[in-house]
Structures are given as C-alpha cells and as structure tokens.
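Novice: Residue numbers (the working numbering), protein chains in the order written: chain C, 2 to 205; chain X, 2 to 205.
Heads up, some of the hints might be wrong.
Pairs count within a copy or across copies, as identical chains cannot be separated in the list.
What the hints assert, rightly or not - List time: in silico DSBU-like cross-link candidates among lysine-lysine, alpha-carbon distance up to 35 angstroms:
1. LYS180 - LYS108
2. LYS130 - LYS141
3. LYS130 - LYS108
4. LYS204 - LYS141
5. LYS108 - LYS53
6. LYS53 - LYS180
7. LYS63 - LYS141
The set of hints was computed from the structure by calculation and includes no laboratory data. Owing to the predicted nature of the structure, the values given are computational and were not obtained by experimental measurement.
Spelled out from the first residue to the last, the chains are:
Number of protein chains: 2
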Amino acid sequence: MAVSRQRRVTLASVDSNERLREILDQSAKLFDQRGYDRVSVEDIASASGIRKATLYHYVRSKDDILVLLHQEFMHLVLDAAEAESRQQLDPRSQLVSVMIDILALMKTHRGHVRVFFEHHRDLPTQARKGIRADRDRYEKIVEAIIARGISTGQFRQVDVRLSTLGIFGMCNWAYQWYKPSGPMSPEVIARFFASCIVDGIGKR
Amino acid sequence: MAVSRQRRVTLASVDSNERLREILDQSAKLFDQRGYDRVSVEDIASASGIRKATLYHYVRSKDDILVLLHQEFMHLVLDAAEAESRQQLDPRSQLVSVMIDILALMKTHRGHVRVFFEHHRDLPTQARKGIRADRDRYEKIVEAIIARGISTGQFRQVDVRLSTLGIFGMCNWAYQWYKPSGPMSPEVIARFFASCIVDGIGKR
Chain C
2 MAVSRQRRVT
12 LASVDSNERL
22 REILDQSAKL
32 FDQRGYDRVS
42 VEDIASASGI
52 RKATLYHYVR
62 SKDDILVLLH
72 QEFMHLVLDA
82 AEAESRQQLD
92 PRSQLVSVMI
102 DILALMKTHR
112 GHVRVFFEHH
122 RDLPTQARKG
132 IRADRDRYEK
142 IVEAIIARGI
152 STGQFRQVDV
162 RLSTLGIFGM
172 CNWAYQWYKP
182 SGPMSPEVIA
192 RFFASCIVDG
202 IGKR
Chain X
2 MAVSRQRRVT
12 LASVDSNERL
22 REILDQSAKL
32 FDQRGYDRVS
42 VEDIASASGI
52 RKATLYHYVR
62 SKDDILVLLH
72 QEFMHLVLDA
82 AEAESRQQLD
92 PRSQLVSVMI
102 DILALMKTHR
112 GHVRVFFEHH
122 RDLPTQARKG
132 IRADRDRYEK
142 IVEAIIARGI
152 STGQFRQVDV
162 RLSTLGIFGM
172 CNWAYQWYKP
182 SGPMSPEVIA
192 RFFASCIVDG
202 IGKR
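With the hints as extra help, turn the sequences into a complete structure.
Specialist: Set out below in structure tokens:
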C-alpha cells in the first residue's frame, strides 16, 4: 500500500505496511548511527532496498519519518503504561513496571530512543505540539504513581514532579551507555534502579 | 593572541584569550539552539561579531571548536571532583557535592552540556579517545565514592557501576528539562536527587 504524496502518512498505516515498517526501522538505525542531519533520503532508500522514487510513495519527506518515529515511540510507552494502570498494581510495583518498559526500549528500539531524545526540536511545529502533549500525558501517568504511593503511605512526602524527573533520568539516560550485548538485561537494570530510588543506596 | 592555523588550538590558550572565549561561548549557544550540524562557521563568526577570516585566526575549523567545548566541559567537572576528593568529605557529602556540580552546569554551561551529551560521535577520532579517557576518569571518581560508602558502611552493598550510572542519569538528564528561569536552584534539585538515591523515596 503506497500512501498519497499529498497528505501526511499516519501511524495507523505502519502496522499493515511492511515496506513502510522497513523504511522506519532502517531510518531509526541510520539516524542513531550518524545523526538525523547526516542521513539523506537516498541513504534511507538504499538501506531499505528500494529506490528513492519508491520511498516517496510511502512518505513525503525525511520530516515525515521523524514524526512517525516520534509518534511510534510515544505510542509504545503510553500503551504499556496505560495497560499497567489498568492492572491496579501497588505503586511500587507499578513504578518498577514503568521502569522496565523504558529500559526494554533501549534494547528493542534504540534508534527510536535516540531520535526521540535528541531530535525533538527538529520536528515540524505542529507535530512537535502533538508529541509534547503525549509526553506530558506520559509524565502525568508516572507522577500519578508517585502521588498514589504517597497517599497509600508506601512513599515519603517527596516532590512528585522532581522525583518523576529523577526516575526518568535514571532510566532514559541508559540510551547513552546501555549495550544490548552487555551482561545485564533491561529488566535487571530497571529493578536495580527501582531499588535505588525506592529503598535508597544508604544503609537503613 | 591569534593561533596558528597549522596546529590545533589547546584549552590552555582559552583563558588568556578573550576573543577565543567569545567564539566558544557563542558556538556553545548556537549548537544548543540549532544543533551542531545546522550551525556554520559563518554563523559563529557573525554571533561573535567578527569576520569568518578573523575566526580562522583562532580555530582551524568547527571541529576544533567542538573539541575545545568537550575538553572544557571535562576540565570543569574533573577539576571540581578532584578538588572535592581532596576535602576528604564523608561519602554521602562527597556524592552530594558531585551532584550539585553537575546540576550547576545546566545553569552555567547549558550549551556545553548539550554538545557534550549529543555530539560525542561528531568528534574527530583522536579527540574522541582523549575525551573518552577523561570521561572514564570522571566515572571512576564517582564509582570510588560509592565504593568508599560501602566500605564505611554508609551505603548498602550495591552494584557500584550501575548505581553510578543511575546517579549520572538523574543529574545529566536535567539538560533535557532544567530551565534556568525555573523556581528551583541547581543545588536544591541536586540535594533532592541525592536524598532520593541515598535515602530512597520509600517510607522507612
């Protein structure tokens, strides 16, 4: 299924479209390796095993790809977080789940992750607003976990916003150092970070 | 003092050279705002109030500037960490000091910070090795603080490497969200993060 060059391709069309899937995956990989600005549409077409003209049947521009990668990344984390919210776990367990989700992406979607963290400002204005709204929604989910932990007495009376930012920092920063070939799984790392943030590294 | 175009300018010459200082500061600001690849030597010259030909009396290329910004950043954090090591603080206090140092850079050197975190791979090979060695040295200093805390009994028997990466994550990630105009000082944020990581957010 080729998409019209006149309108922006939507995330919904990716799942049912193997070639578009391949274009996105190859783009994520190339952007991760070289940086967004250093990858051309020709590079993406070539890595995807198609001609540039063919690629333009699927996306209008490199910007379209950037937007789709951002949307896909947010979709992944929001879906996971919302599914966990429905499980009604206790706040600590829910926090651990969210941290595992983020760390797992370092293994499964490293290209998406770098693009998401480093190329937000390269998004077209309208798309940037949408992604920012999604990101805010995600942050609110994690803030709500902390707030619930405080109200149930599982957590101390900490600054909800700042502790959320600290937790994101621990997890998100792994995109800078995590090696999928390393000895520890994302889940092991996430559980360790959760124990640091919940129990502290200080001796009780 | 103009530098020869034949050899790479060194960090030592920056302090005594107001124009080079201005070039670096303007570059850091532009790279932060637009991204390294989207800033030209002309842009830097113009922001520094000099002509492009004059800029080439001070640095040989944009790459030279990137290297100097990386070196300067490492110099700042290493100097601070080594000065604190000499103060023989207890491990917890030393950890708090290191965390304050990093957060303070988000206010004083935000351009340097983004360049350092996002453009490591854009460094020329030789320079990249030097910066990596400095970064490893810095990480070792923080790992040593954690190890000492474990041996004095102030900290639990945690994974030293992984807790160091978690601490860096909390602090470094602030480059993504910290606003110098916000209500909290870098020191307040750093102390809060230190209390999260040492005491935990869980109720004891």
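Novice: It remains to establish, for every hint, whether it holds in the given structure.
Specialist: How the hints compare with the structure:
no.	hint	in the structure
1	LYS180 - LYS108	both (8 angstroms within a copy, 30 angstroms between copies)
2	LYS130 - LYS141	within (16 angstroms within a copy, 40 angstroms between copies)
3	LYS130 - LYS108	both (27 angstroms within a copy, 25 angstroms between copies)
4	LYS204 - LYS141	both (31 angstroms within a copy, 22 angstroms between copies)
5	LYS108 - LYS53	within (29 angstroms within a copy, 44 angstroms between copies)
6	LYS53 - LYS180	within (32 angstroms within a copy, 41 angstroms between copies)
7	LYS63 - LYS141	within (30 angstroms within a copy, 40 angstroms between copies)
Taken one by one, the earlier hints all hold for this structure without exception.
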